[in-house]
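Visitor: Chains as they are written, first to last, in full-length UniProt numbering: chain A, 1 to 396; chain B, 1 to 396; chain C, 1 to 396; chain D, 1 to 396.
Heads up, a few of these hints could be off.
No distinction is drawn between identical chains; accordingly, a pair holds when it is met within one copy or between any pair of copies.
[What the hints assert, rightly or not] Here are the computed lysine to aspartate or glutamate pairs in the DMTMM-like style, where the Cα-Cα straight-line distance is at most 20 Å:
#, residue 1, residue 2
1, K396, E319
2, K375, D201
3, K375, E140
4, K342, D242
Simulated from the structure, these hints should not be mistaken for lab results.
Okay, here's what each chain looks like letter by letter:
4 protein chains.
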Amino acid sequence: MNQNTSSKNATKKTDWLAMYRHIRTHTETICEPLQTEDYVVQPIVDVSPPKWHLGHTTWFFETFLLQPHLPDYQVFNANYNYVFNSYYETIGARVIRTDRGNLSRPSVAEIYQYRAYVDAQMALFLQSIHFTQHLHPLLELGLNHEQQHQELLLADIKYILGHNPLFPVYESKKMPENKVFLDDSMCTINEGIYEIGYNGDGFCFDNEKNRHKVFLNRFQIATSPVTNEEFLQFIESGGYRDFKYWHAEGWDWVQKHQIEAPLYWHFIDDRWMYYTFNGLQEINRQQAVCHVSFYEAAAFAQWKEMRLPTEAEWEVAAEELDWGSRWEWTNSAYLPYPGFQKEAGAVGEYNGKFMVSQMVLRGASIATPANHSRKTYRNFFYPNLRSQFTGIRLAK
Amino acid sequence: MNQNTSSKNATKKTDWLAMYRHIRTHTETICEPLQTEDYVVQPIVDVSPPKWHLGHTTWFFETFLLQPHLPDYQVFNANYNYVFNSYYETIGARVIRTDRGNLSRPSVAEIYQYRAYVDAQMALFLQSIHFTQHLHPLLELGLNHEQQHQELLLADIKYILGHNPLFPVYESKKMPENKVFLDDSMCTINEGIYEIGYNGDGFCFDNEKNRHKVFLNRFQIATSPVTNEEFLQFIESGGYRDFKYWHAEGWDWVQKHQIEAPLYWHFIDDRWMYYTFNGLQEINRQQAVCHVSFYEAAAFAQWKEMRLPTEAEWEVAAEELDWGSRWEWTNSAYLPYPGFQKEAGAVGEYNGKFMVSQMVLRGASIATPANHSRKTYRNFFYPNLRSQFTGIRLAK
Amino acid sequence: MNQNTSSKNATKKTDWLAMYRHIRTHTETICEPLQTEDYVVQPIVDVSPPKWHLGHTTWFFETFLLQPHLPDYQVFNANYNYVFNSYYETIGARVIRTDRGNLSRPSVAEIYQYRAYVDAQMALFLQSIHFTQHLHPLLELGLNHEQQHQELLLADIKYILGHNPLFPVYESKKMPENKVFLDDSMCTINEGIYEIGYNGDGFCFDNEKNRHKVFLNRFQIATSPVTNEEFLQFIESGGYRDFKYWHAEGWDWVQKHQIEAPLYWHFIDDRWMYYTFNGLQEINRQQAVCHVSFYEAAAFAQWKEMRLPTEAEWEVAAEELDWGSRWEWTNSAYLPYPGFQKEAGAVGEYNGKFMVSQMVLRGASIATPANHSRKTYRNFFYPNLRSQFTGIRLAK
Amino acid sequence: MNQNTSSKNATKKTDWLAMYRHIRTHTETICEPLQTEDYVVQPIVDVSPPKWHLGHTTWFFETFLLQPHLPDYQVFNANYNYVFNSYYETIGARVIRTDRGNLSRPSVAEIYQYRAYVDAQMALFLQSIHFTQHLHPLLELGLNHEQQHQELLLADIKYILGHNPLFPVYESKKMPENKVFLDDSMCTINEGIYEIGYNGDGFCFDNEKNRHKVFLNRFQIATSPVTNEEFLQFIESGGYRDFKYWHAEGWDWVQKHQIEAPLYWHFIDDRWMYYTFNGLQEINRQQAVCHVSFYEAAAFAQWKEMRLPTEAEWEVAAEELDWGSRWEWTNSAYLPYPGFQKEAGAVGEYNGKFMVSQMVLRGASIATPANHSRKTYRNFFYPNLRSQFTGIRLAK
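All chains should be built: construct the whole structure from the sequences, respecting the hints.
Guide: See below:
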């Protein structure tokens, strides 16, 4: 459906610089509708301030490309490593995640200066002899990293504005339209040995390897994601009040947080409304349900007397599916593929160390940047998380 | 290695009663060395007071067999459902887990009376016409449930006594000897399609089904578990202080709780000691390391440049392994097998609702009752838990 | 009304031993109705297990009298200092308060042996030449300390049994009857300079000194405490649901804990019941309201358009008051009197270090031992505490 | 020393408007050096975002003066009541204190528009016939309320910048100079009956009434506050490591938070530095120690073998003291004076409902606005708070 960021055949210098500029610019385009104050706040630990995303993605290029590989590079500000390092233990101390929203400085203007400075240096670097071929994968990683943060940015912006009692409008033209789904057909995949995992010659994350064989029983999988209409039926039939559909952990979560609907849904004057990038609106019943936790996805499937697909089932069936609107919770835990190897050094911390306690999501969403999705992509979140653009696909 | 509790061919009435008595008596034998006070306390939420185990296992027989199936059965005490229901939401309100250690009543003597009463009624019941064949699986479930609690009892007793500053002795003759391991060979299993899951005609838990095919790459697996000697090398080489061996979640756990060794280990006067059922003793280097979390198991494997086996690998290789001393952390998350079905009603809550966020352990331990282990058994705990008799087996 | 434990004129050796035995025996009499299990649990951090009280009071005599002053005294168990030291930082490490309920050992039987051993040694000591006159105040402190714990024991026993879903009966004959109050008259005290604080020649705590002058405006004070009848009117008129009667901190407490009535009150089948030492009973409307927090006492007074007395007002009016049924919350914070001096050494930690954030209670209660009350006695608790036998007296 | 905001003799219309403008402008002057981002964050629950202070003080005038008293007044934004109400339960729902830092909107620019709008309306109102004499006290309350927030603003700005790893400079010229103190003399006040509490004809808060008689013993009180030099001696002599100087609650606080020095002090390269409005600087030993908790103040006094004065002692001696640099912790709890009466309605919530668990501070600080201090002023904070400009004065 979508295409990969790059292929190894297209590594001409000019391409890299254009690609760098294109992706870097897109990040700033996402932030254009924000007011300065919107860049600063961190309402919950899982949501980072937009200005932190702007700085952190820039820090990645400075730390992993410019500092080690551009001779005589002067860091923009030596204190920024402390502020913008997210979780790379190798690279020294870092502001802990819960504290990011306490930092008013560096200011948004200073961070944009930081971006401009690093971008100028990167332009020099990418056109220099120092940008040798063995650094191409590292640049690609940095660009894909920035694209991941573009999606996180949109989710975090939605959280910040959607939890403000004034429900401010972001700007609809920055976001693709939400599709509508009318089809509830299922396709059947036969028992057999299949291969999953990345095996192209473009970019992929380390967690998509090795490509390997899996044995699958015959299964059926819905070609479209679950809609708001269907999810409303679950709500109205008391799905949130009957423990029998829920994991024990999910039921505790429902009780503790008094969950009654997906994130951003509000029952106002006898109507279900939800917060969108255009403000508060009535639910569109034909759109795919969004912002549900794994617990909710699994409970919905149980109520439907079906189940969520595994990630292998999803990938094998992907060509038959209408995907790309929602990150779809699978019933697979996020674990290494056979033969998975962490890369050496700090970039080795990228994926492997998160392979416990999280669930895999497959597909992509309306917030995923163009050219940043593929059917082998393994996204992962804790099962209680709802701020991403998550949805449900049924299997049986 | 071990045999199952029963087989469907041996369902004569007299057998069931003898088996019931044998298992029920063993629970009380485990508690013989306790003082009354030891039955009462709950030092952490994961550890239940021994008297609660005694009551809860009894409540199971009363609630699922006697009440619905023995005509005119009089419950021993109508309030006990509230006290001894553990998590069956179907069966009504329950004392929440964190409150069990606050209850001094019912007294230990009253709970033993409760056991005696239910045992007498069960004896009548099992010899009556009311104990029809379709109830045999329910009885078997109750007996296996009690055996599971026998192991939990031993783990909880060890926790209670091992966290008392007086380090009281339990009584060694109640526990089998710990084996010593001298071998570090590995066996090799070839790539291929294998079947895992239970397919005998005896008892198994619902989570062991369906038996199904899996495709495995070629792998090697150690025939013996990791010893204290090997784990000491990990400690002494700084394994607990280098984040690179750890999952991010595990590293947070190490930092937050200042973990420096397995549970029950104490560094006293320049020697490593550990608390055992015989009190504080010097580490026996040839015994299998015990009471480690999944995080520690995974970090150890990473330090060894190996990995933990998956549960499928473990089961396929089981015949070649020396297992049964420790519950062995696998790198598999606890998820349903293809075709898994919850049973109808309250017993359907037994396993399925825990299938998120936990890791599978395979094998058995010195605390597992005789006749309560099989190679398809799927134990599961949260990755931070260490109070069970957990150990490590390496693969690559 | 009540008399003091001793006077300096009555310090003959035989008296001290008899007094010691009398007080020590009374502690054990209080515990007679308990089952072993009741001695062990600690439902909340503010409630200590009864066996801890038994050990701690004994540890006081061992640590402050026998060890330093009886030659060749052998401590019963060197580990007990760690277990039974409550808060004396001078005397070394201690089990933190939240952990007391996790300790099954020493057993109840062992603690009674400890008491017997220390009592035998104390008998020798009190009759020996080593018990010199300058040690009399220390013994008196130990005896008053034990009497304080007798009242705490009763409060903690009530909490343990009263929070058990089986509502077990303690034993009424161990407790004096609750008086009934029919009078709502007030007495008037004129403006003037008064003296408060202890100035007799018997025992008093350091916090009752120095006796000093205070200037009081004219005030009125109720001669009887507030009854359940009056408090029911507060409840029924919505007192718990209107913030305007409450301190901000009290209102937060009401909201957070969903407080709707005094501790131990339950609204069952349209009637207000409360847990008493005789089990669950219907409210006796003429008894003094009991088990209220300072917040509730102050809110009630506000609702009545009156106020709580200060401790100086209370003491000055004491001769006119019917007191001794309830510890009466005053509107005075617990602070040092002019000229207050901590005593040197560990016993100096007795009172002074608590002189922040707590409120003073005056009087005594049905749980106070005979001969352990006087009108200058300053009891103190945090304003949210309700497990003591606390009540309300109005002033204006 | 300082003079009061107004006197009842000076209530000409023009005066009120000038005073209103003067005070409102000063708030904005304080914020001039801030960048937009600095207005938004809330690093801890006790620190409010500067933009919240700007809005809340404005909301006070809108809610209590314009809405009820200016005919046809149109509220600026009906949602602002929810955002900017701090604690007035009477006035409806409010954003809870911990959430203020999550709100990026209304933006800083919008809040300045809100201020401009309300100020214009207030100018009309204060010159209109609607501003009748009985409203003068309410306006005065609003102006004093705004002055209180000016000091809180400075404390919160210092906290926000001083906890940023970049230690940004505020702007020194916005703050008065810190005085130096060289004198350690004490003055003596004789035993007697004194009067305390406000009795002038200007403005005072309700908690300063009634003026009433107190009896004081003879005491001595230092004429100058404790300096950094003296406090350094306390640190260097191990004052933070010896429990005997501390309240039990204070010692727990020291242990839990690993307190080793006043807030904003950092031991860097063998020197004690502190964060000031001009950035990180070496300690000036002759300035008064600042940003200490009550616990630290009391422990310091104990170490000096002195004590803190009571608020009555402070007020009686005030004419002899060099005060105004620091809010001085007294050893008095914040409780009502004899005859204290809450005012009717929402403004009655101003002071009375906080009269539990807090300690009184007397004096004023370098952050107190001119004309907003008097010797009868009763400030109050919880004993652990250090973000205000608090200091120590000794007595004995």
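Visitor: A separate judgement is required for each hint: does it hold in the structure or not?
Guide: Here is what the structure says about each hint:
For the identical chains of this complex, K396 and E319 are intra-copy neighbours only, at 18 Å inside a copy versus 33 Å across copies, given an alpha-carbon limit of 20 Å. Taking the shortest alpha-carbon separations for K375 and D201, only the intra-copy value of 14 Å comes in at or below 20 Å, while the best inter-copy value is 41 Å. Only within a single protomer do K375 and E140 lie at most 20 Å apart by alpha-carbon distance; the minimum there is 18 Å, versus 45 Å between protomers. Proximity of K342 to D242 under the C-alpha cut-off of 20 Å is restricted to the inter-copy arrangement: shortest distance 16 Å between copies versus 42 Å within a copy.
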